[in-house]
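Engineer: Since chain A is already given, all that's left is putting chain B on it; use the hints.
2 protein chains.
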Amino acid sequence: MGAQQAGHLAKAGYPVSAYTHKYEKLLELEKEFGIAPCKTVAQAVQDADVIFVMVGYPADVEEVFLQDGILDHAKAGALAIDMTTSSPSLAVRLYEEGKAKGVRVMDAPVSGGDSGARNGTLSIMVGGDEADFQEALPLFEQMGKNIVHMGPAGFGQHTKAANQIAVAGATAAYTEALVYAEKAGLDPNRLLEAIGAGAAGSWQLTNMAPRVLKGDLAPGFFVKHFIKDMKIVQQESRQRGVELEMLDAVLKMYEKMSEMGLDDRGTQALIQYYRK
Amino acid sequence: MGAQQAGHLAKAGYPVSAYTHKYEKLLELEKEFGIAPCKTVAQAVQDADVIFVMVGYPADVEEVFLQDGILDHAKAGALAIDMTTSSPSLAVRLYEEGKAKGVRVMDAPVSGGDSGARNGTLSIMVGGDEADFQEALPLFEQMGKNIVHMGPAGFGQHTKAANQIAVAGATAAYTEALVYAEKAGLDPNRLLEAIGAGAAGSWQLTNMAPRVLKGDLAPGFFVKHFIKDMKIVQQESRQRGVELEMLDAVLKMYEKMSEMGLDDRGTQALIQYYRK
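Residue numbers (our numbering), protein chains in the order written: chain A, 307 to 582; chain B, 307 to 582.
One chain only, chain A, in its complex shape (with noise of 0.2 Å):
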């Protein structure tokens, strides 16, 4: 997803230098986009305004901006955004070490999965301060569609981790409809056309339910990308003192996808746990 994002700011003229674990990966994008490849993130952020950064978990942010990462490398006043969807209480941390040293950090986690990233329509949940708002605007602009500013340090990770919330809950509300209408007999397309339109309906229902009926259990959003926003919802609120049932529940059978081997399959896999 990174690649995307990176290659829509090249083609909007922006100089843009990347580094990743794998370095075949970047020479793709020197040849495609023109961006300069780097060997290490300190050869990639030191020159850099402003940095963005998109891996898979909180350990992997946590290593790119303190282990010799971004904020030992970056220049003072360098804006540092993560766009990886992460914890609020890291995002927080990360704004305040990053204050400590001169660089100012946003979180900025998307929604929109792959395709989003691809069109540029990503929705863009940013926290941080309202000045590097601004300033990141423009180039959160040529990424994605729907961007708001939410709130202070954090405020971008806690706008996702509610959303992956109702996208959990969405998800096992068209799953168990399938199941419900397999063991029922239902045809599912008709169930689909039939209660799609109404109190039942959602954008998992209409967008997944038939990838599911014709058997694509391939990644837009994968199962252990999944699980990890849910743990990370699950540990956020419990640190607050509330439990959230069906959350809860949810992230139990991903769990147990996860130990069936789906971890590498998209989210709609988890009719997988029931035909189990």
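Check each hint, because a few of them may be wrong.
Because identical chains cannot be distinguished in the list, a pair is counted as satisfied if it fits within a single copy or across any two copies.
Mimicking BS3-like on lysine-lysine, the simulated pairs with C-alpha atoms at most 30 Å apart in a straight line are [stated by the list, open to error]: (1) K489 / K337; (2) K405 / K489; (3) K530 / K582; (4) K489 / K562; (5) K407 / K381; (6) K489 / K451; (7) K405 / K530; (8) K489 / K558; (9) K537 / K345; (10) K530 / K562.
Honestly, the hints are just simulated from the structure, not real lab data.
For clarity, every value in this text was computed on a predicted model and none was experimentally measured.
Structural biologist: Okay, now just chain B, sitting in the frame of chain A:
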């Protein structure tokens, strides 16, 4: 809801007789629509070509069909259509007992709530014989817009069951997202704006979450009826050897809401469960 539907039929020029437990309700219908009030089920159905039933619970459906009811008093060849959200198994049983007595029975539960009934925009999910469906279609068209023949007896109820599963998931989805937002300090209206158009979006989030934020917990659809529907789903699923874990989690919360005295609130009162 039955009153609205009887009204639509009367306004379309059909002669309508009606029975309900509260006779004064019938006098209102007589005044407004010229509907003939009846003191017993027998009186209401004995001369009818087509009979519509809209009551509360499966036990009420059983009563009105079987206990000195429709199957005893309808004329031979009459078409009796149950629009209550009820059990698929009961629908099959009534179809079969009807057949033995020369009464054609269909199940045709609806979705779209009070406003759908009032405006004649209900979705109607029909189970029964094809010829009976064709005969009833002009009448259904007075009441609803999206009218689908889903299969043999019971399949209307199965479709509504699947619909309610999806509603349960989507309801828990937007509610837990709002609860999280509250705990995290997010502006909930801004949250809905940020996430509503994407992968987290649903009819429930768009239509019901704003009611929650206005503190409007008035019933469009009652908590007690939603519990009834979810229990039917759970029972039918278990009979088929499948546990719907999201549905189970949501039903459990609604049962606790019932204990909290929230039976007569709208389904959006789920937020109260988390605020307990």
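Engineer: Decide, hint by hint, whether the structure agrees.
Structural biologist: Structure-based check of each hint:
1. In this assembly of identical chains, K489 and K337 lie within 30 Å of each other by CA distance neither inside one copy nor across copies; the values are 51 Å within and 47 Å between.
2. For the identical chains of this complex, K405 and K489 are inter-copy neighbours only, at 26 Å across copies versus 57 Å inside a copy, given an alpha-carbon limit of 30 Å.
3. In this assembly of identical chains, K530 and K582 lie within 30 Å of each other by CA distance solely inside one copy; the values are 19 Å within and 33 Å between copies.
4. Taking CA atoms no more than 30 Å apart as the test, K489 paired with K562 passes in both settings, with 21 Å inside one copy and 28 Å between copies.
5. Taking CA atoms no more than 30 Å apart as the test, K407 paired with K381 passes inside one copy only; the shortest distance there is 9 Å, against 87 Å between copies.
6. For the identical chains of this complex, K489 and K451 are inter-copy neighbours only, at 27 Å across copies versus 40 Å inside a copy, given an alpha-carbon limit of 30 Å.
7. In the homo-oligomer, the alpha carbons of K405 and K530 never lie at most 30 Å apart, since the shortest distance is 32 Å inside one protomer and 53 Å across protomers.
8. When the C-alpha separation of K489 and K558 is checked against a cutoff of 30 Å, the pair qualifies both within a copy, at 22 Å, and between copies, at 22 Å.
9. Taking the shortest Cα distances, K537 and K345 never come within 30 Å of each other, neither inside one copy (32 Å) nor across copies (59 Å).
10. In this assembly of identical chains, K530 and K562 lie within 30 Å of each other by CA distance solely inside one copy; the values are 11 Å within and 33 Å between copies.
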